[in-house]
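Novice: Take the given structure of chain P and dock chain Z to it, following the hints.
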Amino acid sequence: MSRREGITIEKDTVTRKSRRIPAKGEVLVKVGDLVDPDTIIARGLVTNPEIHEVKVYIQLGIDPEQAMRYMLKKEGDEVKMNEVIAIHRSFFGRSTRVCRSPIDGTIEAFSKTSGRVFIRGKKIVVEVRAHIPGRVIDVIPEEGAVVESRVALIQGLFGVGSEKTGILAMAVNEPGEPVTTDAITEDHGGKILVGGSIISLEALRKATRMGVNGIIVGGVDQKDLTNFLGHEIGIGVTGEENTGITLIITEGFGTHPMDDGTFNLLRSHEGRLACIDGTTQIRSRMLRPEIILPIR
Amino acid sequence: MSSESIKESYLIIDINNSQTKAVLIEGTGGAYSVKGIDEAPTTVDTPTLDVTIGVKKSLEGLGQAIGEGPWSLEGPSKNHRLLCSSSTSGGLYMMVAGVASKISAESAQRAALGAGALLMDVFSKDDRRPPYVIVERMRSTKPDIFLLAGGTDGGAVGQVLDMAHLISDADVRPRFGPDFRLPVVYAGNVEIRDEVKGTLSDNRFATRAVDNVRPVMERENLGPAKEAIYDSYMEHVIIHSPGYDKLLGWVDAPIIPTQAAVGKILYAYALERGVNMLAVDVGGETTDVYSVYNGVFNRSLNADIGLTFGICNVMKEAGVKNVLRWLPDDMSEGEVRNIIGNIMIRQPESLTPEEALVQQAVAREAIRLGVEQHKGIASRLKGVSLRRDISNVFSQALESTYLDMMNTRVVIGRGKVFTQIPSAEAALLILDALQPEGITEMRIDRLGLIPHLGALLALNPEASKQILSKECLRMMGTCVAPRGEARPGKVAMSVRLTKSNGAIEDVISCGELKTLPLGLGETAKLDVMPERRYDIGRGRGKRLEVEVTGGDLGLMIDARGRPLEFAKWGDKMVEWRKAVGLDQALR
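In order, the protein sequences belong to chains P and Z. First residue of the first sequence? That's 1 in our numbering, and the numbers climb one at a time after it. First residue of the second sequence? That's 1 in our numbering, and the numbers climb one at a time after it.
Next comes chain P alone, as it looks inside the complex (with noise of 0.2 Å):
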């Protein structure tokens, strides 16, 4: 069997790229327009994870059924950091409490019961940009775009870390020949090396050290990603690794040459843009790492 068996590789074909944002914002392109890598596509606000919970029948030193009674806001009602959201006057106005938000936020949730409150931080701005030159084929209403673009389309079979572009440069003369440390340079900061049978803990390192932003490799030994990424591979989820570069191995664990067929494609595209993307799920909808390379 062969290994790289329902893996995509195309020379030349037509993707679409769906560009989205994971909430409803504003989409900043229209259906026509001309796109580059790093062009924003659409904006929006995403819920905070963060929330606070604030012991309202405490902080007015009452018994927590009736907190309710003494709340100036009610669920939904943005607050401010300080801004008083329960007050307690007692003895004809003479003692006054308070109870005050500790952040600048969103009332998410009270408890009749308890006398709590959680208050959700305020939202996180999100953008979505292209990835990928194109021009726009479809606008998602609030969400983003589609983006079309003639490119060449390589899959790997595993990858760590997320969208990456740069220009696209050769670490190596064949496939079958290791990434050493002496082949990489600081000229290679900013680029996605393309390597051949195997990449070194070391060679890694150093990449990071020297600014690359991605590297294709046919493979890499498992314990020396687990060592770079200071953590063991559980399950086969990939994408938000903070290692700073993206990898991709297009053969597989250990040393393997790259498929001359991936390595001659790549070389093809040398000097010319690449936007690579680390982002795997080993699992039922199985998500492959991709490398786009845009033709002009």
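Since the hints were derived computationally from the structure, they do not count as laboratory data. In this text, a Cβ means the ideal position worked out from N, Cα and C, and glycines have one as well. Be careful, since some hints might not be right.
Derived, one-sided and incomplete: chain Z residues facing chain P with beta-carbon distance under 7 Å [claimed, not checked]:
hint : residue
1    : D169
2    : R173
3    : K316
4    : G334
Specialist: Using the frame of chain P, we list chain Z on its own:
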């Protein structure tokens, strides 16, 4: 024609994420047999998005294999009764909640797992997470069904209602179809059913109340909750998967979750034989463990612990050193790590000898992890006060878990890892992973039909149990293994196996693994006399006479000690393999 000679015919299909497997079972006069098996890729995902296409292909394949057509132009042939189990879309995802984590929430957990669920989270009033984290977790984790328990009948009220309010506040949405109502099964204090239904009854929830999973502290009652889960699965979950609406029109009984079908038939098997049983089902992504001890059924599930998609996670959870101990010394850690990584990213249909060896090593660890987790599920009810006296202070009866290998009569292995290797490899895998003690039958699901027979159980229990025993569960052999630390160079026990054609006597040294000839299904009288440090089931140094049954490997005698200590025997691995007939070197 007498009713006994009427031919009965069942087409049974199990649909998992990758394969749709069909089997035809026929019987006349109470004697049933498997007429044919075929499988086709499952077609529930893109681009096909219709599960019935895979069903049709598997039935057409079955028709070609047996020379008759279980598939007609309109659908499955009406000459057979059609039954189905399914675990597509990853199976049945559930969240459960209760009042006390070790009491009602644990009972609810057992009910959900017993119904075949993949448990996403367990919530309770004594949860260490603050309420807002619980709300956030409930909101972001979309289950298929939510099971709420809590309070004995006539017991806790406020805390159960608090939990119901929490579910309502979190606005938990179902995994499929955000606009559909989330099925909630309430199996707590029966006296507050109306209040719970009132809290969880608007257009966001479809709540049904059933008998309490913990009506009194001393007793669990999981049956009604499990049945309600099956009903909710049929009515609210499975219909959202592509093509199941059509499939539902074809089947002659409700579709049940695959893991539920497996649990049902294994439970029936153990009850019928009156034995304690432990079964492990090692898949690509998950490892399930099923047990029946003293008539109590339990199932546990280790998600992401498997042999393809989950293989790296086994290495992560078990530690690479624990995987390496099952492999020859000349295999380096780097080589093993690369093989494991490649099995995960490629999921190859066939394995090289090295890959198979590594996968079997990982399987041993996956099973070990699964059984360790199972001990927590298969445990005595918490919250029940125990009276200890001098007579039972050392008794197993007061152990927190039911699981006791010495009192396990049958162990069963299920999954491709057992069926794609020779019997001797499979037997060794079970021996190493489960380390049975005393006298234990070792069987594997050779045909991969346990889910099908579980689906058939309700309709024809006789056929189901008959085929399970006769055709499905292949006997590897009976294992004789004394409990106790093995001491190199010392004698562990002497055995005498008396068969119809004569007797075999042998003295077994510590560290030895050997087989004695006893044909498949053949029975013989076994007389074991352990040395004074070892226990074969009657106590240290006490003789045991028992009838044993042979299998593919005859009678297996394992004197490697319990627990198996590798530091002591690591260099004997090749010798052990030779003892079970695996003459070739490890690699």
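Novice: Does each hint fit the structure? Answer for all of them.
Specialist: Results for each hint:
no., hint, verdict
1, D169, "holds (5 Å)"
2, R173, "violated (14 Å)"
3, K316, "holds (4 Å)"
4, G334, "holds (5 Å)"
In this structure, only the earlier hint numbered 2 is contradicted, and the remaining ones agree with it.
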